[in-house]
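Engineer: Sequences listed follow chains A and B, in order.
With full-length UniProt numbering, letter number 136 in the first sequence gets 136, and the count goes up by one each step, no holes.
With full-length UniProt numbering, letter number 20 in the second sequence gets 20, and the count goes up by one each step, no holes.
Hints may contain errors.
No copy labels: a pair is met if it fits in one copy or bridges any two.
[To be verified] Below, simulated EDC-like cross-link-like pairs (lysine to aspartate or glutamate); rule was C-alpha separation at most 20 Å, straight line: (1) LYS144 to ASP154; (2) LYS183 to ASP142; (3) LYS183 to ASP69; (4) LYS183 to ASP163; (5) LYS72 to ASP42; (6) LYS72 to ASP133; (7) LYS144 to GLU101; (8) LYS57 to ASP42; (9) LYS72 to ASP24; (10) LYS57 to ASP163.
Note that these hints are calculated values from the structure, not bench results.
All values reported here derive from a predicted model rather than from experimental measurement.
Number of protein chains: 2
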Amino acid sequence: MPSTSQTTSPAVGGAAKRGRPGYDQQSVLRIAVDVFNRHGYDATSMGILADNLGISKSAIYHHVPSKGDLLKLALDHALGGLESILEQPEAASGAADSRLEFVLRQTVAVLVDRLPFVTLLLRLRGNTEIERDALERRRTFDHKVAVLISAARDEGSLRQDIDPRTVTRLLFGMINSIVEWYKPGGPLSPQRLADDVISMAFDGLHADL
Amino acid sequence: MPSTSQTTSPAVGGAAKRGRPGYDQQSVLRIAVDVFNRHGYDATSMGILADNLGISKSAIYHHVPSKGDLLKLALDHALGGLESILEQPEAASGAADSRLEFVLRQTVAVLVDRLPFVTLLLRLRGNTEIERDALERRRTFDHKVAVLISAARDEGSLRQDIDPRTVTRLLFGMINSIVEWYKPGGPLSPQRLADDVISMAFDGLHADL
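Could you build the full structure based on these sequences and the hints that come with them?
Structural biologist: Right under this line is the structure:
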């Protein structure tokens, strides 16, 4: 199991006992994220959230002060998972292509483990301060992976004929698409999915002849 | 140049002379698609469109009967481009992996050539009949490419150790991401982008040692 899935994010679960019986803050957050993903964050009112939770609007305010706080908690959970990958020792030392493989594998694991949260992150439009802050943290993460790709390239383990910026974009395109189609609990395990992503990204689709 | 970019879609430009001076239907459509992509289709009213076009709502109705018709024209343009790829002779005969390479190259070309239209298509949520019809056409296209991937696999030219459904999803994830980051007119030409996609997808990132 990826260590990231065991990380306790301070963003989620902190005030678990607060609020009405039947829901803790984390359950409210999970349902809210599903509703945001279905209707879009902008189009989701506190009234729509209350309907989906089956509680009153004032009961939601027992859990969080505002819709924006729900968004912030959700995005912290997604970003915290990604950022903690780069703090692992396997991301910090060794050959650049091994570090890159580790980071990409763990990224797949976080995407799958925190699927609705990362989905919300990837669909952001940047309309509010909270969204822009989250996009900035995401860009910082992407940039650190891009640096690793360049390092693996300079080291001679990655092909030199594609601009590293294009490589980074296409790799993230492939990996981020997972949130749009992966079905947790289905026949494709998270471990197998990570293996497939690594095989396809590093060795390509052509059969070894 | 890809032949698809020269295809005259019956959906766009048909009634070019209709409407007020200064705009033909195609210009109205291009601006509308940009507004849909910026604000989301659901959140875009005819009033917002009129503001962006600098004309009155009634002037828009000279060009198209409704917002839904603009959406339909735009999606037809995106889907028509993709569907015409599969009608080319290079997609229909020869070794499956050459046909697949042709189709993927042309898909990149259509994405770049019709960027805002394909962006709109890829962001659809399926909330209306028009959107669901478009998603169905997109699924049909994706399915035909998946059949080609399976054929190339059966032929022995593609690796056998990844489920062809996973390959299809990851390939489209990589290619479709282009609409989110590619800047037309920048240093990366459409032709070079297609080469990079093909190199990365078929041969992977590892340097040949």
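Engineer: Reference check for the pair LYS144 and ASP154, CA-CA at most 20 Å: within, between, both, or neither?
Structural biologist: within (15 Å within a copy, 39 Å between copies)
Engineer: When no copy is specified for LYS72 and ASP24, does a C-alpha distance of 20 Å or less occur within a copy, between copies, both, or neither?
Structural biologist: For LYS72 and ASP24, only the intra-copy Cα distance (17 Å) is at most 20 Å; the inter-copy one is 44 Å.
Engineer: Regarding LYS183 and ASP142, is the shortest C-alpha distance of 20 Å or less found within a copy, between copies, in both, or in neither?
Structural biologist: Between copies only: 18 Å across chains, 24 Å inside a chain, cut-off 20 Å.
Engineer: Check LYS144 against GLU101 for me: Cα-Cα at most 20 Å, and say if that holds within a copy, between copies, both or neither.
Structural biologist: within (14 Å within a copy, 32 Å between copies)
Engineer: Is it within, between, both, or neither for LYS183 and ASP163, if the alpha carbons may be no more than 20 Å apart?
Structural biologist: Between copies, since 15 Å is at most 20 Å while 33 Å is not.
Engineer: Within, between, both or neither: how does the pair LYS57, ASP42 come out at a Cα-Cα threshold of 20 Å?
Structural biologist: For LYS57 and ASP42, the Cα distance is within 20 Å only inside one copy (17 Å; across copies 25 Å).
Engineer: At most 20 Å between alpha carbons: which applies to LYS72 and ASP133, within, between, both or neither?
Structural biologist: For LYS72 and ASP133, the Cα distance is within 20 Å only inside one copy (9 Å; across copies 35 Å).
Engineer: Within a copy, between copies, both or neither: which one fits LYS183 and ASP69 at a CA-CA cutoff of 20 Å?
Structural biologist: neither (28 Å within a copy, 34 Å between copies)
Engineer: At 20 Å max between alpha carbons, let me know whether LYS57 reaches ASP163 within a copy, between copies, both or neither.
Structural biologist: Cα proximity of LYS57 and ASP163: none, with 51 Å in one copy and 46 Å across.
Engineer: Please sort LYS72 with ASP42 into within, between, both or neither, judging by C-alpha distance up to 20 Å.
Structural biologist: Classified as within: same-chain Cα gap 14 Å, cross-chain 24 Å, threshold 20 Å.
Hint compliance for this structure: hints 3, 10 are not met, and every other hint is.
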